[in-house]
Structure formats: structure tokens, C-alpha cells
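Asks: Modelling step: build the complete structure from the supplied sequences, incorporating the hints.
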Amino acid sequence: MTLLKVENLTLQFDTDEGRITAVDGVSFEVNAGEVLGVVGESGSGKSITAKSIMHLNPRNTVYGEDSRIELSLEDGVIDVLSLTRERDMQVVRGGAVSMIFQEPMASFAPAITIGDQMTEQLLLHKDITKKDAVNLSIEMLERVGISDASHRFKQYAFELSGGMRQRAMIAMALSTSPKLLIADEPTTALDVTIQAQVIDLMKDLVEDFGMGIVFITHDLGVIAQTVDRVAVMYLGNIVEQGPVRDVIRDPAHPYTHGLLDALPKLDDLDSPLTPISGDIPSPLERPDGCVFHTRCSRVEPRCSQSAPKMMEFVDNHYGACFVEAEKRGAA
Amino acid sequence: MSEKSIISARNLSVDFLLSRGFFSENVYLRAIKSVSVEIPKGSFFGLVGESGSGKTTLGRAFLKAVPISDGEVHFNDGDVEYDLEALNKEQLTEYRKRAQLIFQDPYAALSPRMTVRDIIAEPLEVMGITSSREETDERVRDIAAKCRLNLEHLRRFPHAFSGGQRQRISIARALVSNPRFVVADESVAALDVSIQADILNLLKDLQDELDLTYLFISHDLSVVAHVCDHIAVMYLGQLVETAPTRALFSAPRHPYTKALLSAIPSLDPDQRGKAQKLEGEIPSPTNPPSGCKFHTRCPNVHDICRHEEPKLEHAGMEHEVACLRWKELLAE
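First to last, the sequence lines map onto chains A and B. Here this note's numbering runs 3 ahead of the position in the first sequence, where the first position is 1. Here this note's numbering runs 565 ahead of the position in the second sequence, where the first position is 1.
Heads up, some of the hints might be wrong.
[To be verified] Okay, the calculated bits of chain B under chain A, using three or more residues with CB under 8 Å as the criterion: (1) 727 to 735; (2) 823 to 834.
[Claimed, not checked] Partner residues aside, some chain B positions facing chain A, computed with beta carbon under 10 Å: (3) Gly614; (4) Asp757; (5) Ile760; (6) Ala762; (7) Ile764; (8) Thr810; (9) Arg837; (10) Gly845; (11) Ser849.
I should point out that these hints are in silico values taken from the structure, not numbers from a laboratory. Virtual Cβ for every residue (Gly too), placed ideally from N, Cα, C.
Replies: In C-alpha cells:
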């Protein structure tokens, strides 16, 4: 069942330097019980795409006219972008959709106990007594593997270690039983050993709760270990989308190829690291045609003239590249 | 002490004062405990461990940027030989030229109010290395070219540059005094993957060109595996294993090293869930466990580990490990 449908999402910011295009015509879907990975470098637009699902972008954001974000819930479909009143947005924010951020220290209020923050949002979103809210919160803390949960419940965020804070964050995000969880770089600030624990935990929770997850990260290794499908973003466009095995084993876009080549590989220590040449262009100077053509090793004259559309190369594996399409005989 | 080591540390300890006692004794946190290590001249020496393991503090102790509480550190680059505990003022100035640091965050490390030229030239002026503006300019241009910076960019301010270019400016600044020993503390951690490879290649090329020795501090084992020739693994202020890179990756001896290696997310989607998971988190250094410091999380813990503290012992060619049970585990 399709849970989230993002269609032709275009996002621009009004700034002093003019109107900046941050996301350009992005479409994807997430099903219930599915983990969609969104991978890309800084400035690729992955975080603001996720934030727009909760309508959390700043006031100077301009959405495209035909952009649509639809959430299918039990009592009907919500068109997120058409919501204007804060009150209506509460159904989405923290209700149907929860979010986990990269830096848990910045997401908890420092002067309110973990427990008070967890119960406060439960009372807001659920028809529940204070006592039940407390019990549910402690139960959730136990569920994510925090030992001595009733004691931790009374502590402040600074008293918890980094890994534990991230677990508490996950417990809090899941206690309202959201249909969709957005995880924005949830393991980036953690050590590898703790990262492995958190990834395991998230996989267990998907199975138990059956929700959909949008998992944002820059780390292809984490993607390979966690998600079912992956969308690769570059400079506000999705350049490739498909099942995680296909994308990693047989990338359909030179950018994905480049990312994989730039990654140090443990099974082949002698292979040289190949950087992608050049730097990510500033959003103020978006290249014409294919957004990646300024750094692409397989660039052709036509790449700077018109932008390639998403094409299906094999089952459910899409890419936006002229050269690759020709090679695969898809165009 | 080996002639070939640029840095040799013996039983090095670093303490930080936690609280000054008025009636009671002062309380200290032992950040580095009795570390002995030799960094071979011309090596790309990796230092890995989780956050809180003391990697940064050890790097700073080698640079004489934190006070050494106990033990000794010697520096020998072939030209000069220093005991870091007994430097006089002139020697310290000279040591600052010969040992330098590259920072993690290229956005925080560069002053937004200085031009790139001034940023790179500052160490030369502060240390009084050059005597005229022409000479300074020449050295700045020289190192900027080596770091593959566009010379026209020298007049600009750092805000005009991307992360990768900023890190190149940072590197140029660290190398302008012509150091022999460079500590690179998480120098690629803040960069995107496509840029990270470029900076790693640059560091390698500069090493060959300028005859440098690096101490490369990182939490990312796959990066360390690619660039370093030696690796030391730290846990809670102590070294638990040191070895040449290949030996460490093909035959890790310490259970902590094994766990670290297996926690690296594999690029193969079919390898899911095969990692050997480490329970719990690194304990607080204010209250370290008794015996082997790793015993609270070790999958191979025995009674003896709780009481007896392991020492680094020989485990093969240049391979040392601090585990009471490594031989037993090898046989299993």
C-alpha cells in the first residue's frame, strides 16, 4: 500500500540573491513497511525534501504549482502542501509522521527531562491519560534497549551518552505510533559500533510496527545495510532510483558510479580512491541540462543542452542519463 | 628508542584536572594511560578508536599542546632530537615549525576576515620564518601550488570556497612552515565522499613530495585502511593493538579490533546482519573498569580479565596486542 506519494516536488527559496532552486521536480513513493533510502552529498536537497513532508521548511519557501505530497492514512488522503493552519498540520507533524534528527542533543530541550518531553507530545497527539502516557513512554524506552528506563525517564538529555540519546529520540518518535518515520542522518554522529546497534534497532522496529521509513544518509554502506529501495539525489534532482541491490551492483547513473568509486573499500586495499572531479556547484549557479554534467566523466555535448528524464532501465530501476540509456538500449 | 622513529613515546600519560579539592585530594581524569608507541619516520600512521578513546589527546600530547603528566616523548627527524618534556623556549619555537596540526572542520578553522593568502602566511609571520614580504609571498605561492590551489584564489576570502577547497587551504597553512611531522585529526570526516577521496590523495602525494610523517586520527576504519601503513587502535586511553595495516585487517588479534572491523557497514546488501555486534558503550574515563578496560563489552571475557590488566605484547612482525587471551582465542 502506498503510504507516501511525492509528485513533482519543486522547492525554491526567496533570498536576497534571488530565487534559488533547491529541489527540482522530485517524485518518489514509500509503501507501508518499506525503507526508502535517500542518499546524496551536502547540498543535494535531501533534508529539505524530507522536511517538506512535514511542512517544516522556512517561510521563504516557494513550492512548485504542480508539486504534491500525499499521505494515505486510514481516514483518507492528506494533501500536505495544501495545509495552511498550524492546527491542521498537527495531524501530520508528530502524529502520522515522526522525525529523527542527526544530532539528538540539539533535538531535546536541555532543561526539561526526557520523560516530560516524551509525555508532553503523547498528551498532545493521543487521547490518553497522563499516567498511561508515562507508562507508555517508559515501555518505549525499554523497547529501544535502554536499561533502567524508569530512572532514565527522569534524567535530562545531557546525562545520557550519545548512543542512548539517539535511542531515546527513536523511542520518542515512535511512541505516537506514526505511519511514517523520517530519519535524517540518524547514525552519522555515532561511532560505528553504536551505529550498528541503532541500525539493528530500526530494522526490528520496522518489522514490529510496520511503518514506512525515509532514511536519509550520505553513507552508501549504511544504505546497503538498511534500506529496500534507494533514491540518489544530486543538486536537487533524483538522478537514480531503484532496489538497493541493483543500484549498488549496477548503478544506472555516472554520479552513483562516482560515489561508489570514491568510497574506500575494505576488500581491496590497493584499489586507488577515485574522487569525482570538481566541486558541487553552488545552487545559485545550477548547470543547464543535466545537473551533473560539469563533473561527469562521460559527459557529451547534448548533456549541457537538455536535461535527461527519468527512464526505466530494468524493473523498477530508474536513471536519468542519456549516455547510460543509450548503452542499455532503453531510450 | 629506534633511530627510525620520528616520535617515540614511553609510558606516556595525560591527566586532566576534574575538580580541585579543598580538604580532599584533587580529582584527575586519566585521558591517556601509559601509552608506548613508535611512529616510524615517513609513515602514514593511523590512530583509530571510538569517541572518548583519547585519540585526539594523544595527538595533542605529541604536539606538546596538552601537558604530559607522566612518561616521555622523544622527537627525532634526523636533524634535531628533542625530549618534549625538556624543551627550552627556542627549541619549542623550532618544534612548532617541525610539528603541525591539520584540523577537522575546514569551516571553523579558517578566519572569515582574512584572505587566503594571509591565512596561509600567518604561521610564517608568527614564527618569524621569513624576513621579507616577497619571501613570504613566494613561500605561500609555493605551498599553495603544491596543495593544488588556484593562485588567483589567494586574494579571496574563505567564504567563497567549498569544503574541499577550504580543507586544501587548511593543509597549506599547516605545511607552510615546512614541518616534518603532521597530525591530521579527523581531517576528512567533515567532507563529502566525492571530495574526501581527493583530499586523501592529496595528503598522500604531499607525503611523497615533502617527505612527511603523518599521524592520521580517524574514526573511519575504511579510510584508515586505504591510506595508512601502520595502525594503532585505542580504547579508553590505552593502545590495545598496533600493527601494519595489512596484518591488522587480515588478522586482527584484539576482540575490540575485531568488533570495530565487523561494525563497518558493508557495501554488499547480502551481508546484512552478519556483523559481530558489540554490546553497550565505551565506559566513562572518570570511572574506568578494573583489569582489562574492555572487559565490560568483550564477547570473549573470562574471570581473569576482570582482575588482571593486559600489557602490549609481541604478536607477530611489528604486531602488538594487549589482551590476556589472544593466544587462546587464536586457537579457538
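Asks: Now tell me if each hint is right for this structure.
Replies: Do the hints match the structure? See the list:
no.: 1; hint: 727 to 735; result: holds (count 4)
no.: 2; hint: 823 to 834; result: holds (count 10)
no.: 3; hint: Gly614; result: holds (9 Å)
no.: 4; hint: Asp757; result: holds (4 Å)
no.: 5; hint: Ile760; result: holds (7 Å)
no.: 6; hint: Ala762; result: holds (4 Å)
no.: 7; hint: Ile764; result: holds (8 Å)
no.: 8; hint: Thr810; result: holds (7 Å)
no.: 9; hint: Arg837; result: holds (6 Å)
no.: 10; hint: Gly845; result: holds (9 Å)
no.: 11; hint: Ser849; result: holds (9 Å)
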